[in-house]
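Residue numbers (numbering that gives the first Met the number 0), protein chains in the order written: chain A, 0 to 319; chain B, 0 to 319.
The set of hints was computed from the structure by calculation and includes no laboratory data. Accuracy of the hints is not assured; some may be wrong.
Each pair may be met inside one copy or between any two copies, as identical chains are not told apart.
Here are the simulated DSBU-like pairs of lysine-lysine, each with C-alpha atoms no more than 30 Å apart in a straight line [stated by the list, open to error]:
| id | residue 1 | residue 2 |
| --- | --- | --- |
| 1 | K187 | K103 |
| 2 | K313 | K187 |
| 3 | K272 | K103 |
| 4 | K313 | K103 |
| 5 | K186 | K103 |
| 6 | K313 | K272 |
There are 2 protein chains.
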Amino acid sequence: MTAGAIPTKVAVIGAGDIGCGWGALCVAAGWPVAVYDTGGHAADAAIDTVARRARALVALDRAAHGIVERGLLEVQRARSLLQVVRDADWVIEAISEDLTAKQKLFEAVEQVAAPSAVLSSSSSGLPPSEIFGRVLDRTRCLVIHPLNPPELMPLVELVPCPETAERQMDQAQEYLRALGRIPITLKKAVPGYVVGRVAAAVWRECIDLVLGGVIGVSDLDRAVSLGPALGWAAAGPHLTYHLGAGAGGVPMFLQHLLRSFEGWWADLARWDKLEPEQQRALVMAIERAYAGQLPALREARDRRLGAILQGLEKAREETT
Amino acid sequence: MTAGAIPTKVAVIGAGDIGCGWGALCVAAGWPVAVYDTGGHAADAAIDTVARRARALVALDRAAHGIVERGLLEVQRARSLLQVVRDADWVIEAISEDLTAKQKLFEAVEQVAAPSAVLSSSSSGLPPSEIFGRVLDRTRCLVIHPLNPPELMPLVELVPCPETAERQMDQAQEYLRALGRIPITLKKAVPGYVVGRVAAAVWRECIDLVLGGVIGVSDLDRAVSLGPALGWAAAGPHLTYHLGAGAGGVPMFLQHLLRSFEGWWADLARWDKLEPEQQRALVMAIERAYAGQLPALREARDRRLGAILQGLEKAREETT
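Go ahead and model the full structure; you've got the sequences and the hints to work with.
Here it is in structure tokens:
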């Protein structure tokens, strides 16, 4: 069997937010998807959620109506692990971030998955060598970490085990590219991978600024959105600073601003526990700032995300 | 004299990257601008740079050709501090990040500026009470920190002195909104303000990931651009996590992922000096990754930025 860009079946295990996003993404590509969750209710609800999120992609011009509707006819709500995994070329684990649960799951999956199937975990930061610690043949195992929502965010982080075979990495990347995703492979696993670490660095400082009374929740969010995030979306951090001091490039930037950065680094938040009292204060501040309904906030976010993606695609076309 | 949205003249002091960006932005609004720099060559070059950058805004659909060309007729290359500041309603300092130099400059500016003029510093992180430490009347002084490039990035951080008058804050915000900027006011000054601190948190971790061999410069930049930055551009960090765990909002997110974040926080980079050897390694890695010419890289960045801004504006229109 040769590697193909289209799996005959994708198995999604775990019908939460991330699992449903994977489901919507595959449906929007017209791929047959089976969804399984140990909570029967979650799996039932997932079928509706996947349909709603796949159709939302059509409204955002990110998917074609005909393909989505055809794909939705092939969404299967699996009743068992055996049923979901059977005949799948790609098994996507999207259960909660619980190492033991993931280990047990993959131990069971290995027993029933087709020998050539790619087995991937959606973990956002656990070491792949531990996630797949009970799998005998880890050559086909890797972390494929999507961002939220997976059906809109282009980046996926790939974190192989030491044993992961080149061929399975290629296959995974082929699937992901066929889904319009942009896979980036880490050279080694670190806690939180790249995305989680960068996100953690940002969120800690943002929490600290809000709890320290420097700025309110919604002003902070707008400042990051319309400031640094916008800049980094157009050029990653290193390129941003390479372009940040005129014709001199990053050496000139360091000459002008390293002293500022060093002062700020020394002053940044460095706590690593969010105490219950701080959690309560943070939750209250966020809920006060975003008192609206979550579905409406999510829809607005997705609309902005879709519009940004289209803008970026337009900019890319203009160069080629 | 009542506060107006259009200054009769804007004085830009410092003809570097940020000063030229302010100049281009004001020109694109058709506002008369005078530019002064103690380095005569820089001021000469600035006139060309301002023109090029203002015209680039037309190419990006961010400014109207006629207004830019009319504005360019009114750009003045001032020969002295007195000449640049005289009759200006708004004095923008954009010299290098040197506290003493800024203090001396504003001491001199105060002697010659019109009594009602807004005096602003483009500092990216110094305390306004120190920047304006030698000014006798600080009621009209504040930091207005733009991002790079100022003519494209919508966010500006406003950091008042304790003495800054409400009226001058209003006037500054009126000017900025008339320039299409989005001003956010800090409740108190902290080193690096909000943007610098968030940027410092991100860049430290990104430098650490590259120097630690986890990922290469361009993969890191793409990962941040197409991942977290894209997400935060569509919804700031707090809103992102409020939407990150389905219907449960941020309490559910904390329940599911706080333990992960706490593990990452404990593991993040915490150095606050970039040693000369690390600087060299970083510069080499960045220059190797972006071996192309800076002007072409900058142009591509600006095109992406312009496209994202248009996308966001489109998404905003669709809601209203």
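When no copy is named, should K313 and K187 be tagged within, between, both, or neither for a Cα gap of at most 30 Å?
-> neither (34 Å within a copy, 40 Å between copies)
First find the shortest C-alpha distance between K187 and K103 inside one copy, then the shortest across copies, and answer within, between, both or neither for a cut-off of 30 Å.
-> within (24 Å within a copy, 50 Å between copies)
First find the shortest C-alpha distance between K186 and K103 inside one copy, then the shortest across copies, and answer within, between, both or neither for a cut-off of 30 Å.
-> within (26 Å within a copy, 50 Å between copies)
From the Cα coordinates, with 30 Å as the cut-off, is the pair K313 and K103 best called within, between, both, or neither?
-> neither (45 Å within a copy, 47 Å between copies)
Up to 30 Å between alpha-carbons, please classify K272 paired with K103: within, between, both or neither.
-> Intra 29 Å, inter 43 Å, cutoff 30 Å: intra-copy only.
Intra/inter-copy verdict for K313 and K272 if alpha-carbon distance must be at most 30 Å | Neither: 42 Å inside a chain and 40 Å across chains, both beyond 30 Å.
The structure is inconsistent with the numbered hints 2, 4, 6, although it conforms to all the rest.
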